[in-house]
Each structure stands twice: as structure tokens, then as C-alpha cells.
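Here the protein sequences line up with chains A and B, keeping their order.
Per the numbering used here, the very first residue in the first sequence carries number 259; after that it's consecutive.
Per the numbering used here, the very first residue in the second sequence carries number 20; after that it's consecutive.
Hints are computed from structural coordinates only; laboratory data are not their basis.
Note that the Cβ used here is the ideal one computed from N, Cα and C, for glycine as well.
Among these hints, one or two may not hold up.
Stated by the list, open to error - Computed footprint of chain B on chain A; a stretch qualifies when at least three of its residues, placed anywhere within it, have a C-beta under 8 Å from a C-beta of chain B: (1) 307–314; (2) 336–343; (3) 358–364; (4) 458–466.
What the hints assert, rightly or not - Straight-line Cα separation of at most 30 Å, DSSO-like style, residue types lysine-lysine; simulated pairs: (5) B:Lys39 - A:Lys392; (6) A:Lys496 - A:Lys266; (7) B:Lys33 - A:Lys367; (8) A:Lys393 - B:Lys39; (9) A:Lys399 - A:Lys368; (10) A:Lys271 - B:Lys179.
As the list claims (entries may be wrong) - One-sided and incomplete, this derived list gives chain B residues near chain A with beta-carbon spacing under 8 Å: (11) Val23; (12) Ile26; (13) Lys33; (14) His34; (15) Val111; (16) Ala112; (17) Ile114.
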Amino acid sequence: MQNILSVKSLTKKFDDFTAVKDISFDVETGSIFAFLGPNGAGKSTTIKMLTTVLKPTSGEISINGFNVLKDQDRARASFGIVFQDHSLDEELTAYENMVYHAVVYKVPKKERAERIQKALEIVGLWDRREDYVKKFSGGMKRRLEIARALVHYPKILFLDEPTVGLDPQTRNSIWTHIKNLNEERKMTIFLTTHYMEEAEAIADQIAIIDHGNIIESGTVEEIRTRTETESLEEAFLKLTGRGIRDENNETANKMRMIRGMGRRNRH
Amino acid sequence: MIEVIYILWLRQLKHYWRSKARLLGSLGQPLLFMITFGFGFGPMYTRASGGANYMDFLAPGIVSMAILFTAIFSGLEVIWDRQFGFLKETLVAPISRTEIMVGKTLGGATIAMIQGLIVLSLTYVLGFRIPSLASLGLGLIFMSLIAIFFTGLGLAIASKMKDMHGFQLIMNFLIMPIFFLSGALFPLENLPPAIYFISRIDPLTYGVDGLRGAIAGMSTFGIYNDLAVIGALSILVCAIGALLFSKLEA
Numbered sequence: 259m260q261n262i263l264s265v266k267s268l269t270k271k272f273d274d275f276t277a278v279k280d281i282s283f284d285v286e287t288g289s290i291f292a293f294l295g296p297n298g299a300g301k302s303t304t305i306k307m308l309t310t311v312l313k314p315t316s317g318e319i320s321i322n323g324f325n326v327l328k329d330q331d332r333a334r335a336s337f338g339i340v341f342q343d344h345s346l347d348e349e350l351t352a353y354e355n356m357v358y359h360a361v362v363y364k365v366p367k368k369e370r371a372e373r374i375q376k377a378l379e380i381v382g383l384w385d386r387r388e389d390y391v392k393k394f395s396g397g398m399k400r401r402l403e404i405a406r407a408l409v410h411y412p413k414i415l416f417l418d419e420p421t422v423g424l425d426p427q428t429r430n431s432i433w434t435h436i437k438n439l440n441e442e443r444k445m446t447i448f449l450t451t452h453y454m455e456e457a458e459a460i461a462d463q464i465a466i467i468d469h470g471n472i473i474e475s476g477t478v479e480e481i482r483t484r485t486e487t488e489s490l491e492e493a494f495l496k497l498t499g500r501g502i503r504d505e506n507n508e509t510a511n512k513m514r515m516i517r518g519m520g521r522r523n524r525h
Numbered sequence: 020m021i022e023v024i025y026i027l028w029l030r031q032l033k034h035y036w037r038s039k040a041r042l043l044g045s046l047g048q049p050l051l052f053m054i055t056f057g058f059g060f061g062p063m064y065t066r067a068s069g070g071a072n073y074m075d076f077l078a079p080g081i082v083s084m085a086i087l088f089t090a091i092f093s094g095l096e097v098i099w100d101r102q103f104g105f106l107k108e109t110l111v112a113p114i115s116r117t118e119i120m121v122g123k124t125l126g127g128a129t130i131a132m133i134q135g136l137i138v139l140s141l142t143y144v145l146g147f148r149i150p151s152l153a154s155l156g157l158g159l160i161f162m163s164l165i166a167i168f169f170t171g172l173g174l175a176i177a178s179k180m181k182d183m184h185g186f187q188l189i190m191n192f193l194i195m196p197i198f199f200l201s202g203a204l205f206p207l208e209n210l211p212p213a214i215y216f217i218s219r220i221d222p223l224t225y226g227v228d229g230l231r232g233a234i235a236g237m238s239t240f241g242i243y244n245d246l247a248v249i250g251a252l253s254i255l256v257c258a259i260g261a262l263l264f265s266k267l268e269a
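Excised from the complex, chain A in its bound form:
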């Protein structure tokens, strides 16, 4: 199969605010795909729809050949996700979090211990497996979340701002892990980030979303050429403007909707 992820005319409306407007794109199997956009552009809403957390208003998504809306469980088993905000159980140990994941993803019992060990070793947390997650630093939690997402051998790994709030060392090590996963296991990576230089360094394909529309897509080279800029960051700013955006969360969505209406009225 050529495209591990295929999105057609995807739309999400909240009341009368449209967060994602009729977007379509494909992600090639084995590639690293960066999905970029300013805060509130529709990135997280899109990721939520791709990963079955949010129901689209309309459109089609297929992951690993499975329709995300109709064949939900098989689609779910095909991807791993590291959410933008924390999603670990802090009252459990690192190992217990891994076991929980392995069980709910129906990893065969006899492979569990080995897979968990391998995943924890990849992110360098095997020695800390018996510690409670609440004792972990931000970077360790992130690495644990990445390890956890690997236990069920996903075909595609979604990473929603995986390096936000981390120091350069941790960011570097996380990208190294991700690159290795992509090269050694041929795992497709779908990521969002605000660090343009990170996206520039790692991504094969890039799509830039703003105001719910995909405004540019292609390789870093193609985007730079088309926008006549030197770096992805410049291209990004040229495409999306220099105005500062609101944070993206559910209340902000509604706030934006209200403010957006005000803005429209003034024009």
C-alpha cells in the first residue's frame, strides 16, 4: 500500500465555527510527515479526528486501509499516539502504565514482557520502570509516552507537539529515537511541532494548515522555492503572517468563534 493515511474532504464544525474546512491529503507509507500551523489553525482538531477522539462533521479518513469511522477498532490498532498534553496515569509505575497499554491494545500475553522491555530500553527508561510516573520529569514522561505508543507495533505514529517544553538535550534525543523508529522499523511518523527547524531537519513531507485550510504542502525544498524564502521558518511566517494567535483548546475554539464573529462584523 502506498498511502498509510488518506484524508478526503475532512471538515469539523463546532456550532457555527468551522475549525477544519474540507481538507484532503495523503501520507506515504514509511515517510515522516510534518503537519504545521499556528496555534488555533486546526492541527489538534485534525489529529483528534484522525485518532478517533473526535467525530468529523464530514469527510473520510483511512488509516492502514481501514475506515476510521466504520472500522474504528482496526484503525485504532494501526496507530500509536503521543498526545499534546499528558496522558499517563501518574499513580501507577512506568511499567504498570506499559502493561495497561499492552492489555487494552491486546498485545499477545507471551510477547508482552519482551515488547515492553524493548520499548522502555529504546527511550532509556528501563531502569526506572518501577518508579511512579508522578516522580518523573517532563522529559521522562514524554519518553515514556513514546515508549508506550510503540508497544502495540503501530504502523503509523502520531506525535502532537512531542517536544514542547523540553530542554534541547531531551528534544534532541526524542528526535533521534523518532528518526530511528522511522528508519529501522519503517514506521510512518505524523507529527506537529512549532519548532520549524525540527520539522525542517526531520520531515520528508510538510503540510501547512491555517484557519482550517491547508495552504501549502510538499517537501521543504518545494515550499522554500515556491515561497522564495531561505528557511522553513521564513516560509511559514510568510504564509501564515506575523500576527500572534490564540492558544488552541476547546474553550479557545469557542472564544475564537465569538471574536471571529466580532471581527467579521467590523469589516
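Fit chain B to the supplied structure of chain A, relying on the hints for placement.
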């Protein structure tokens, strides 16, 4: 399927076991009620009823109370899962929403049962005696049904709540009235029509009455009627909960 339910159940039990403060704290309230009401209203009850022991009446009520509060809290824990982000991890897993609902209901109900059993043994210290093993067995059935119903109710409510802001509202306008008007503390006789009506639509009324019938030999509606009502309600609330969970978005 069984293993998924088991791991959900196990997680809740680990939380419960590791939080000793909560474990002890939630025993405080029933103990306080049992001692203050038991000794405070005891003499009055004995005089009014012509010699009956208030502790026999009160003990099943207090056991129900312990189960009610623990069960509701366990159900509402899903809101914490949502706020701390862990709910997403469970919701994107390739498991059915019914499995999640069943696992969480059994986990919460088990914890509520443990709390109920601890309180039941405390009533022994205060002089309450269960007549026979058979009545204890029947009592345990009622205790588990109360636990299942209210965990299911807590989960159903939690599936509709985004955060803990509505918590006080639910406590004061739903859980407290359910408790006070269930006949846990006083007999539901000679009440004004409005209160009488509310007490009759209160699900806990049938749980308390059944439990009291089973372990203290006093029942207003008859044990099997109670069993039918609370059993049917438990099934209903779990079905509604499963339906609400199927629409859950993190």
C-alpha cells in the same frame, strides 16, 4: 475482553489501595453518623417504637451510606481521568466502550463493597449482630447491587461532565437528598406527601430496605420486591452508561 475488563478493574483497585488517606477518610463519615445518630437518637427511637433497638435499624442504613458515597466518587473519578488526560489513552484503544463501562463499574463497585464491608464490621463493634449466614449472603447481594447502581450512576454523570465544577451541585442536589430520603436514618412513615413521593422514587430506598430486610429482619416493601427494583435499576443504569460512554469524546 475479560483481560481488558480485568486491567481496568485492577487499575482502580491499585489507586484505592495506594491512597490510604482516602481509604481512611471515607470511613470517617459513616462512623461519625453511626456514633452520633446511634447514640443521639437511640433512646428516642426506642421510646417511640416501644422498645426496639435503633442500632438494628441504623446499621444497614450506614452501610448503604458508605457504599453510596464510595460508589458515586469512584464513578466520578472518570472526570479526573479526563482532566489528567488519561481518559484519552483508554478511549483511543481498540476496545469497545461497553468494556470500558463494565471494567470501570466493576472496579468502582468492588471498592464500594470493600468500604461497605469495613463499615459492616464496625457495626459489629457497636453491637449490631446479623442473625445468620444466609441473611449475610442476602445482605451481600443487596450491598453489591447498591454498589453497582451508584457506580454506574456516577459514571453516567461523569460522562456528561467536563470538569469538577458541577461537583457541589451533584452532591447537594442529588446525592445528599438520595441519602437522607432513603430511609437510611429514619423510618419512611407518616411523611408529608411530597417527601413521601420523593422517598419512593429514590433508588437507594429499595437498596436500604432490602439490606435492612436481609440483615436486620425489617422491611417495608418485602425483600424480593426490593431485589427486583434495585436489580432492574442497576441493569438500566449500566445500559444508559454504556450508551453515554459510546458517545464520549475526550
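Comparing the hints with the structure gives:
With 5 residues having a Cβ less than 8 Å from any Cβ of chain B, the region 307–314 of chain A passes the three-residue criterion, so the hint holds. For a cut-off of 8 Å, the count of residues in the region 336–343 of chain A with a CB near a CB of chain B stands at 3, and the three-residue condition holds. With 6 residues bearing a CB less than 8 Å from a CB of chain B, the region 358–364 of chain A meets the requirement of three and the coverage assertion stands. Three residues within the 8 Å Cβ limit are the bar, and the region 458–466 of chain A against chain B gives 0, so the coverage statement is violated.
For the proposed pair Lys39 of chain B and Lys392 of chain A, the alpha carbon gap of about 17 Å is at most 30 Å, so the pair holds. Taking the CA atoms of Lys496 of chain A and Lys266 of chain A, the gap is near 27 Å; set against the 30 Å cutoff, the hint holds. Pair hint Lys33 of chain B plus Lys367 of chain A holds up; C-alpha atoms about 21 Å apart against a cutoff of 30 Å. About 19 Å separates the Cα atoms of Lys393 of chain A and Lys39 of chain B, which keeps this hinted pair within 30 Å; it holds.
Note on Lys399 of chain A and Lys368 of chain A: the hinted pairing holds, with a Cα-Cα distance of about 26 Å set against a maximum of 30 Å. A hinted pair counts as satisfied when its Cα atoms are at most 30 Å apart, and Lys271 of chain A with Lys179 of chain B qualifies at roughly 20 Å. With a cut of 8 Å, the hint placing Val23 of chain B at the interface with chain A holds, because the nearest CB-to-CB distance is about 6 Å. The interface hint given for Ile26 of chain B is met, as the beta carbon of that residue sits about 4 Å from the closest beta carbon of chain A, less than 8 Å.
Below 8 Å, beta-carbon pairs count as interface contacts, and Lys33 of chain B has one with chain A at about 7 Å; its hint therefore holds. Residue-level restraint check for His34 of chain B holds (minimum Cβ-Cβ distance to chain A is 5 Å; threshold 8 Å). The restraint placing Val111 of chain B at the interface with chain A holds, with a minimum CB-CB distance near 5 Å, inside the 8 Å limit. Interface hint status for Ala112 of chain B: upheld, as the beta-carbon distance to the closest one in chain A is roughly 4 Å, under 8 Å.
With its C-beta approaching chain A no nearer than about 5 Å, Ile114 of chain B sits inside the 8 Å limit, and its interface hint holds.
Checked against the numbered hints listed earlier, the structure breaks hint 4 alone; every other hint is satisfied.
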